[in-house]
Amino acid sequence: MDIFTTFFNGRVLVETLPLLLMGLEVTIGLGLASIVAGMVFGLFIALVRLYAATPFQVMAIVYIDIFRSIPILVLLIIVYYALPFIGIRLTSFWAAWLTLTLISGAYTAEIFRAGIEAIPKGQFEGSQALGLNYFYMMVDVILPQAFKIVIPPLTNNCINVMKDTALASVVAMPDLLKQATQAQALAANPTPLIGAALIYIAMLWPLVALVTRLEKRFKAGRR
Amino acid sequence: MPGFISLKGVCKAYGSFQALHNVDLDVAEGEVVCIIGPSGSGKSTLVRCINLLERYQQGEISIAGVKVAPDRDHLAKVRANVGMVFQSFNLFPHLTVKRNVMLAPMRVRKLKAAEAETRALTLLRRVGIADQAEKYPEQLSGGQQQRVAIARALAMEPRALLFDEPTSSLDPEMVGEVLDVMRNLAKAHVTMIVVTHEMGFARQVADRVIMMDGGRIIETGTPKEIFDRPREQRTRDFLQAVLTH
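One line per chain: the protein sequences are U and B, in this order. Numbering follows the numbering used here, in which position 103 of the first sequence is assigned residue number 91; successive positions increment by one, without gaps. Numbering follows the numbering used here, in which position 188 of the second sequence is assigned residue number 191; successive positions increment by one, without gaps.
These are computed hints drawn from the structure, not numbers from a lab. Keep in mind that this is a model prediction, so the values were computed, not measured. Among the clues, some could well be false.
[Stated by the list, open to error] Label-pair ranges, simulated between beta-carbon atoms:
id	chain 1	residue 1	chain 2	residue 2	range
1	U	Tyr69	B	Ser19	53 to 63 Å
2	U	Tyr69	B	Gln142	55 to 65 Å
3	B	Lys138	U	Glu203	22 to 32 Å
4	B	Ala72	U	Val62	49 to 59 Å
5	U	Pro132	B	Ala72	43 to 53 Å
6	U	Thr42	B	Arg75	11 to 21 Å
7	U	Val24	B	Gln207	24 to 34 Å
8	U	Tyr122	B	Val69	12 to 22 Å
9	B	Ala72	U	Tyr69	49 to 59 Å
10	B	Ala116	U	Val24	47 to 57 Å
11	B	Leu246	U	Leu198	53 to 63 Å
12	U	Arg201	B	Asp76	43 to 53 Å
[To be verified] Listed below are the simulated EDC-like cross-link pairs for lysine to aspartate or glutamate, each with C-alpha atoms no more than 20 Å apart in a straight line:
id	chain 1	residue 1	chain 2	residue 2
13	B	Lys80	U	Glu113
14	B	Lys80	B	Glu57
15	B	Lys115	U	Asp128
16	U	Lys151	U	Asp(-10)
17	B	Lys113	B	Glu160
18	B	Lys11	B	Glu63
19	U	Lys136	U	Glu105
20	B	Lys101	B	Glu118
21	U	Lys109	B	Glu32
22	B	Lys190	B	Glu32
23	B	Lys101	B	Asp74
24	B	Lys190	B	Glu160
25	U	Lys136	B	Glu141
26	U	Lys136	U	Asp53
27	B	Lys138	U	Glu203
28	B	Lys101	U	Glu98
29	B	Lys190	B	Glu180
30	B	Lys113	U	Asp53
31	U	Lys109	U	Glu98
32	B	Lys11	B	Asp216
33	B	Lys70	B	Glu141
34	U	Lys109	B	Glu180
35	B	Lys80	B	Glu32
36	B	Lys190	B	Asp216
The beta-carbon is built from N, C-alpha and C at its ideal position, and this holds for glycine as well.
Build out the structure end to end from the sequences listed, making use of the hints.
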C-alpha cells in the first residue's frame, strides 16, 4: 500500500465523513460552552483579584496560579474519575466542560486583569470625579476600553480551548478526535485521523489569522 | 462662619512625605481662588483632597455643609456637587464628545437621553465646540478637548469647579481659548478653585490668590497684594522665577 491509500484514502474519508461531522458538532458545542462560561467566570475572578477585599484577592491569586499550573488532562481525569467518589457524577460532556471552564477562567482572568490595568489612571479619576459609581465606571468607561485591548489575547485563548476539547476524547466523549479514532479502528485505516486534523485546521486557521491581524491593527492604533 | 468650601487643619502624607501641613482655607460661594506655587508644593494634592481623589489623614473638609468623607453617601454627594477639570483632560476616548458630556448626567442625575443631549449641546455651544459634538476626543485639538472636559464637568451642574493645572499640557497657542472659557465661568460667578501657572490669568480673574510651598499656604491675598506687594520672601522668589523666565 502506498502512502496515499494509507493516509489519504478518498473512499474511507467519504465513508467516515458523517461520523467526523457528528464529532465536529460535539467539539464546537463543548468549545463554545466552555469559552463563554470561562470568559464570564474569568472576568469575575479578575474583578475579585483587582478590587475585592484582601483575603478574596489572595484566594483569586491562588486560584489563578493553581489552575494555570495543573495539566488539563490531569484535572479532567480527576473531575471525571475522582468526583464520583464524593457523589458528583458528571457526564463526559459536562466533566470536560467544567475542566475547560475552570482552566480557561484562570487564563482569561489574567487577560482581563492586564487589560483593565492597561487603562490609564486618569480614566478612573475622570469617572470618579463625575460622580459615577463603581458599577457605571466599569460598565461605561473602563470595560469597553479594556475589551478592545484584550480581544487579541482572548481570541488566542479561544483557539487554545477549542484545541483542548480534543482531550475530552480520553473520557469517552464523542468529539471530533474520538470519532476519528473510532472510525480509524473500523476502517482499519488512519485516513479519518488525517481528516480530523484537516477539520481542526480549517476551523482554527481563520481564528489564528484573525489574531495576527488584530494584533497588527492594535499596534498600529496605539502608536 | 465657615466658607462654602471649608478646609480646617488638613494634613496629608504619602508615607513619610508630608504633602499637606495643617491647611486652612475658606472659599465663598461664587469666589474664584487661584492657587500658585512651585511644583511639588502640594497645590494639586490640595484640590484632589477636596473631591477625595486623595484621602487626607487629619482635619476636616466640607462643601456646602456636607462633610467630605469616604463613605458612600458622603462621597456621592461631594462628587456630584464638585466638578473637576484635569491637566490631562481624561476624556473617555471610546465615546463621542457629546456622549462624554451626556454620560454622568444620565447615570448619576438619571436624566433621560433626550434631556442629557439637549444639555450637552447647550454646554458644548457655551464652550464653543457644538460643531464637534459627534467627533471622538482624539480628533480634537488639546484646547478643544479641554473645553469638552469643562463642558462635561458643567453638565453635572456642580456647585463648584476644581481645575488642576488645566492648561499645563496644552500647546501655547491653545492656552488662550481654555482660559477664555474659564474667564466666562468666573463672570457667571461659578465657584472655582484653580491650580495654575498662568499668572496673567490669576491676576486678572482671581478674587483671591493663594501661594503654596512645601505643603503649606504661605500667603494669601488679592491678586494685587500677591503680585504687586508680596509679603513673603518665598512668594517674591517664586514670582521672580516665573515672571522672568
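Taking 20 Å as the top limit, are the C-alpha atoms of U:Lys136 and U:Asp53 close enough? violated (25 Å)
So does U:Tyr69 sit 53 to 63 Å from B:Ser19, Cβ to Cβ? holds (57 Å)
Given the range 11 to 21 Å, decide if the beta-carbon distance of U:Thr42 to B:Arg75 lies inside it. holds (20 Å)
For the pair supplied as a hint, B:Lys11 and B:Asp216, is the alpha-carbon distance within the 20 Å limit? holds (18 Å)
Given hint U:Glu203 paired with B:Lys138 - CA-CA distance at most 20 Å: violated (25 Å)
Given a hint of 12 to 22 Å, does the C-beta separation of U:Tyr122 and B:Val69 actually sit inside it? Hint holds: Cβ distance 20 Å, inside 12 to 22 Å.
Between the alpha carbons of B:Lys101 and B:Asp74, is the straight-line distance 20 Å or under? violated (31 Å)
Can the suggested window of 53 to 63 Å be confirmed for the beta-carbon pair B:Leu246 and U:Leu198? holds (58 Å)
For B:Ala72 and U:Val62, compare the CB-CB distance with the range 49 to 59 Å and indicate the outcome. holds (51 Å)
Given the hinted pair B:Lys80 and B:Glu32, is their alpha-carbon gap at most 20 Å? holds (17 Å)
Holds or violated: 22 to 32 Å for the Cβ distance of B:Lys138 and U:Glu203? Since B:Lys138 and U:Glu203 have Cβ atoms about 27 Å apart, the given range 22 to 32 Å holds.
Holds or violated: U:Lys109 with B:Glu32, Cα cutoff 20 Å? It is violated: about 31 Å lies between the C-alpha atoms, which goes past 20 Å.
Violated hints, in rising order: 5, 7, 10, 16, 21, 23, 26, 27, 28, 30, 33, 34 and 36; the structure is consistent with all others.
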